[in-house]
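S.K.: The primary structure of each chain is shown beneath.
There are 2 protein chains.
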Amino acid sequence: MLGATELLRDLPDEALVRAHACARVERLPGHHRIFEQGDRCERAYAVAKGSVSIVQAGSDGGQAIIRFIAPGEMFGTVPLFTDHMLPADAITAEPSVVLSWSEADINALIDAYPRMSMNIIRVIGTRLVELQDRVRELATQRADQRLARALLRLSRHDGNGELAFPLRRKDLAEFSGTTLYTASRMLTAWARAGVLTSIGRRILIHDRAALHFLAEGRSLP
Amino acid sequence: MLGATELLRDLPDEALVRAHACARVERLPGHHRIFEQGDRCERAYAVAKGSVSIVQAGSDGGQAIIRFIAPGEMFGTVPLFTDHMLPADAITAEPSVVLSWSEADINALIDAYPRMSMNIIRVIGTRLVELQDRVRELATQRADQRLARALLRLSRHDGNGELAFPLRRKDLAEFSGTTLYTASRMLTAWARAGVLTSIGRRILIHDRAALHFLAEGRSLP
DNA sequence: CGCTTCTTTGAATTTCGTCAAAAGGCGTGG
DNA sequence: CCACGCCTTTTGACGAAATTCAAAGAAGCG
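Chains as they are written, first to last, in our numbering: chain A, 1 to 221; chain B, 1 to 221.
The set of hints was computed from the structure by calculation and includes no laboratory data.
Virtual Cβ for every residue (Gly too), placed ideally from N, Cα, C.
Be a bit skeptical, because a hint or two may be false.
[As the list claims (entries may be wrong)] Sample of chain A residues at the chain B side, in silico, Cβ under 8 angstroms: (1) 59; (2) 88; (3) 117; (4) 118; (5) 131.
Assemble the whole structure, with the sequences as input and the hints as a guide.
M.R.: This is the structure in structure tokens:
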């Protein structure tokens, strides 16, 4: 199962065994803070089960959700290689299992298997491109377009279905750069139009095509 | 001089010689497009002299400036390691000298000097953190705060002085997520207040502290 | 000097955030 | 099992912020 994590992809079995040997495994309840913005970064993390949200707070109260982490994805890893300051909070969005490795172990693994550094480059390169898209969207698009795009991003990429994460309106708003009020308004409007339904903290997408229309600024057909 | 580029930092002289041998050097006029969004990525670039802006356009006409590249910084490099699709345009902001290396040469260099992959990780890790900050700002702050922050980012970090890049109002707007009209209004207001002066495409900061106030949402003292 | 590009400024409009308040859900503990 | 309190969602009304449109100056460049 470790072989499915993006950090350890395409590594020989021997490397997986070694990574497994030095991994710390933690079962955490929902809404548990794994690390805090400003903490010193001393471990590399990955989600095995459940989900984690990465939340950044500004010196004013403003918060934004930078990213949701799904099983198999790593997080909190980049600062190990830069300035060792964690730039955001990590909070479980539901009961989750989280793996982590000490900095020393990670460095030893990278030395032993240079392909790992290529994996890291590929992963953070992909995230960089995603964030660039979000910067452009936040800079140029309306709130409804961004919210529709957020739903598309959070839904599994194949066909219709449930969002991959349990979300409150507040979370959705902080992820798409708006307020929970406008997020609520738009969701109820779209639910009325049959695009989606919202049950508790789960959202089901019925009409992906409609969301694409909305994300491009067109109105519902 | 190559040793000053972030890509080749801390490498032995022998590596610099080799990098120099296979580098392509180009003198380009201002507003020259180096590559285009959607192109296949086949080279790694760095600015030796001048400056380059990285501009992303959406399927609607909306444009955003993702980043300005100063001498010594690399650009267009990440997609070499991911999907080989360039996610944005690169355009010289003034007459510039641009270095580039073929993918094969870069890979050969990385194989020979594994420290280079660590350099790459450090560089794109740093950019990732910067972009996270911008996402939060775009999501939570007002246009005037973002514009003030943009000016702070673009000015040299020590004391007052001239911005590092020649900028039109449109560029400033596309970099801070607003329109050229509001950017113009705010700049003239701040110029009247003595915070800065604008001469042609160059902006001089007189009162960095005031910009910090503005970026935090407070009004001018 | 004439042209293009860029900047400024005003006025109207839209979008969106803010505030307030009511209604709904959910879990805990009695 | 019910009642209570807390958290979340919904909805309306209002106002502030920022975009849009229009048009006139200003500045650079051939």
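S.K.: With reference to the structure, classify each hint as holding or not holding.
M.R.: Checked hints:
1. 59: Holds. Min distance 7 angstroms.
2. 88: Check passed: Cβ of residue 88 (chain A) comes within 7 angstroms of chain B, closer than 8 angstroms.
3. 117: holds (4 angstroms)
4. 118: holds (7 angstroms)
5. 131: Holds - the Cβ of residue 131 (chain A) comes within 8 angstroms of chain B, reaching about 4 angstroms at its closest.
Checked against the numbered hints given earlier, the structure satisfies every one of them.
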